[in-house]
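Asks: Listed here are the chains, written in short residue letters.
There are 2 protein chains.
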Amino acid sequence: MFKYFSFPLFSHKRRSDIDQLPEGLNDLPPPEAEKRRTLTEKFREALSLWGYREVSTPTLEFESNLSKGIGKEMTSKMFKFQDVDGEIVALRTEMTAPVARLVSSRLDSWPKPIRLFYIGSVFKRTRRSWGESRETLQGGAELIGAETPHGEVEVLTLLRDLLGRLEVPEAAIEVGHSILLKRLVEPLPEQKRVELMNYLRRRDKNGLTNLLGKMKDSKEGRRIEAIIDLLDATRLEDAASITSEIEELNQYSSELEELAQWLQDLGIADGIGFDITLIRNLEYYTGIVFEVITPSLGVPIGGGGRYDNLIEKFGAQAIQAIGFALDLDRISKTTRIASQRKGGILISGASKTAYRISGELRSRGIPAATHREEDERRLLSFAETWEYAYIVKVESLEEASILDPYTGRSTKVPLDKVTEEISRLLNSS
Amino acid sequence: MFKYFSFPLFSHKRRSDIDQLPEGLNDLPPPEAEKRRTLTEKFREALSLWGYREVSTPTLEFESNLSKGIGKEMTSKMFKFQDVDGEIVALRTEMTAPVARLVSSRLDSWPKPIRLFYIGSVFKRTRRSWGESRETLQGGAELIGAETPHGEVEVLTLLRDLLGRLEVPEAAIEVGHSILLKRLVEPLPEQKRVELMNYLRRRDKNGLTNLLGKMKDSKEGRRIEAIIDLLDATRLEDAASITSEIEELNQYSSELEELAQWLQDLGIADGIGFDITLIRNLEYYTGIVFEVITPSLGVPIGGGGRYDNLIEKFGAQAIQAIGFALDLDRISKTTRIASQRKGGILISGASKTAYRISGELRSRGIPAATHREEDERRLLSFAETWEYAYIVKVESLEEASILDPYTGRSTKVPLDKVTEEISRLLNSS
Chain A
0 MFKYFSFPLF SHKRRSDIDQ LPEGLNDLPP PEAEKRRTLT EKFREALSLW GYREVSTPTL
60 EFESNLSKGI GKEMTSKMFK FQDVDGEIVA LRTEMTAPVA RLVSSRLDSW PKPIRLFYIG
120 SVFKRTRRSW GESRETLQGG AELIGAETPH GEVEVLTLLR DLLGRLEVPE AAIEVGHSIL
180 LKRLVEPLPE QKRVELMNYL RRRDKNGLTN LLGKMKDSKE GRRIEAIIDL LDATRLEDAA
240 SITSEIEELN QYSSELEELA QWLQDLGIAD GIGFDITLIR NLEYYTGIVF EVITPSLGVP
300 IGGGGRYDNL IEKFGAQAIQ AIGFALDLDR ISKTTRIASQ RKGGILISGA SKTAYRISGE
360 LRSRGIPAAT HREEDERRLL SFAETWEYAY IVKVESLEEA SILDPYTGRS TKVPLDKVTE
420 EISRLLNSS
Chain B
0 MFKYFSFPLF SHKRRSDIDQ LPEGLNDLPP PEAEKRRTLT EKFREALSLW GYREVSTPTL
60 EFESNLSKGI GKEMTSKMFK FQDVDGEIVA LRTEMTAPVA RLVSSRLDSW PKPIRLFYIG
120 SVFKRTRRSW GESRETLQGG AELIGAETPH GEVEVLTLLR DLLGRLEVPE AAIEVGHSIL
180 LKRLVEPLPE QKRVELMNYL RRRDKNGLTN LLGKMKDSKE GRRIEAIIDL LDATRLEDAA
240 SITSEIEELN QYSSELEELA QWLQDLGIAD GIGFDITLIR NLEYYTGIVF EVITPSLGVP
300 IGGGGRYDNL IEKFGAQAIQ AIGFALDLDR ISKTTRIASQ RKGGILISGA SKTAYRISGE
360 LRSRGIPAAT HREEDERRLL SFAETWEYAY IVKVESLEEA SILDPYTGRS TKVPLDKVTE
420 EISRLLNSS
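Protein chains in written order, with numbering that gives the first Met the number 0: chain A, 0 to 428; chain B, 0 to 428.
It is possible that part of the hints are untrue.
Copies of one chain are not kept apart here, so a pair can be met inside one copy or by any two copies together.
To be verified - No farther apart than 25 Å at their CA atoms in a straight line, the calculated lysine to any residue pairs in the SDA-like style are these:
(1) K181 to K213
(2) K341 to D328
(3) K41 to I365
(4) K111 to Q339
(5) K351 to E256
Calculated directly from the structure, the hints in this document are not laboratory data.
If we strip away everything but chain A, and leave its shape as in the complex, we get:
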């Protein structure tokens, strides 16, 4: 990002000072912005097809509402500031809490289940060295009023369908259980637990083995051993046989098994795996959690889970809920979807004739722009850079040339046949 100029005296306004953005924030020039827009539209179409309705909440809110249920880690990453009247407001770091607030207020009386989706930016005040994005376009869905396993079945089926429509290569969903993991590590003293979770996040088996150390034969030690074994358990049966030895976990592993059975019966088990050691860093989860991964990126592209206690924190009646969010910026980098932009027509000359032709083309749904340039070489280069399909050059009051900037071919047509000929060319290509 930084360019270093060796002769600052010759350029007292350095470019590095000029195009600079705060670390972790990015511009999207046309091709990237259009690709992400196409992706966003596909997200919206898919969610609508599943009966989900769009909502929008403000980018900034009272910090006290935004931080409800999300936990210390996420709260510490908030962009916070004082409002004109002294209240603390912040930029949202995630959208589930705002949607829970909306459900508990304006949608409180709507019959359940409530199916909602959103598309919007979330913000994290990370440090420069972390290389993380500080503004992320998220698309997510919330299913409010759906118990286990029906909520999980719908949301995971939807998510699997969605990842296909978004053409994420080799997308996989990993399912865990936030309470199961919590109960599993509960016997450990606070400090060891924090250490253990850090190793788990990095899937650091050596770290875990060192932590185990002398505790080997204690109750605590047996829990760490179970976790080390769980890291290798790729099948739910294997994981279940490890956790089955710990009685207080049975309830939660049954939930996972019931879900697995449903997914099997519906024929969608493929692409959904189980990982008991999965950690999500939002505190509001109260059950099954999941993450979406793709081999081409080393980081998850989304995740979610059940949060049955969040909505009541906003004063509404307690209500079961489950949802997920996808990182549309990361998906935009890995998807096979291309921008759906249609190359338009460039009309040379800003004469009234040029304006008229461009208007006619637009009224047929064909993108068109005029360009005062008349030099053919420069016209061709302009059309190529900006990805126009054809150039129309008004030659006289009766005639125009149609140029193909990619083959260099040129055809003369009567002026009143231009739109017709362009339509024909676009339909045949």
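Based on the hints, put chain B in the right spot on chain A.
Replies: Just chain B now, with coordinates in the frame of chain A:
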């Protein structure tokens, strides 16, 4: 927004504490969010049709970049805060400066003219009492590298076409000239000028007359008299005859006349008026400015103008530019466009059969959701509230009922004919 509870003892968590958002910030529940989305899509389609390409810039940036050229008034309304490393960052109050920064950096070498559009939130830290929105969804366009009057002709033609596509009732565009107005008031002493501009903003003729007071026969007084006359000049010819007496204004009124001639020749003068007293509160304007109004709202729904000196402030070569922005939130309140959401199908029962049918419907592009409810009365009420077109109730392994929640009519169909029958019903309605 505030509900007052007379018995706070019975409800220590008051709803007013719960669903509250900072003043000037709003949620959009499904119907409103969908309507605005439909509008946004139409905006995007229209701009694409005119050969404009989408860009996206971050919501927050260095305050020093965001405030370039926008002037003190706008800068004072910025949400500003200190970043982790002590740098001052802010939420954007408008998008022209960020786009100018992008053009001067990553798009610097692209051939001109550059046609860009954007859709995004802008923020203003206004005081509670002002009742203004603090987050606004803006859609705007920038045409970079286009001189007068060609830039103006294109942008105003586009804007007029766009307002039609966005179905803004009786939309009108008013055109003024920032430099003409500046030169006109220049002879007045600073304090009088500020006072005069405040009266002009409110179109307060009495205020202006009082201001004129004893200055009547001075040079300054003659300027105020001209302005009072200009308030009533609804035709460009009348305005021109007033300003023609002041020689240093001739250059600018010629620009307006040339533009008017072009609009006339292109047959789009209708709906575009001239108002020399138009004030835009962004400092970067260097020529023709305009505002969009609709009689149903007392406030402008958009505006723009020429800004030939802004891009060079970001270190690039000076380049002529013109653009506009529309307030998509305000337009969403006044447009005749309705949400384009299709009512889907609700499938009663969360059985595997219900899942299978909903999947089949979706693969035909029909929105579908399952619902575990089996009670017909509650099913009908749910479908009506959430605007489902039909309910499918799986009755047995062979048969289903299709219910119309609006007429109450019910038809029995074999299970394997459900998707076909639903397609038929949707196509015939």
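Asks: Where does the structure disagree with the numbered hints, that is, which hint numbers, in rising order?
Replies: Of the numbered hints given earlier, the structure breaks none, since each of them holds.
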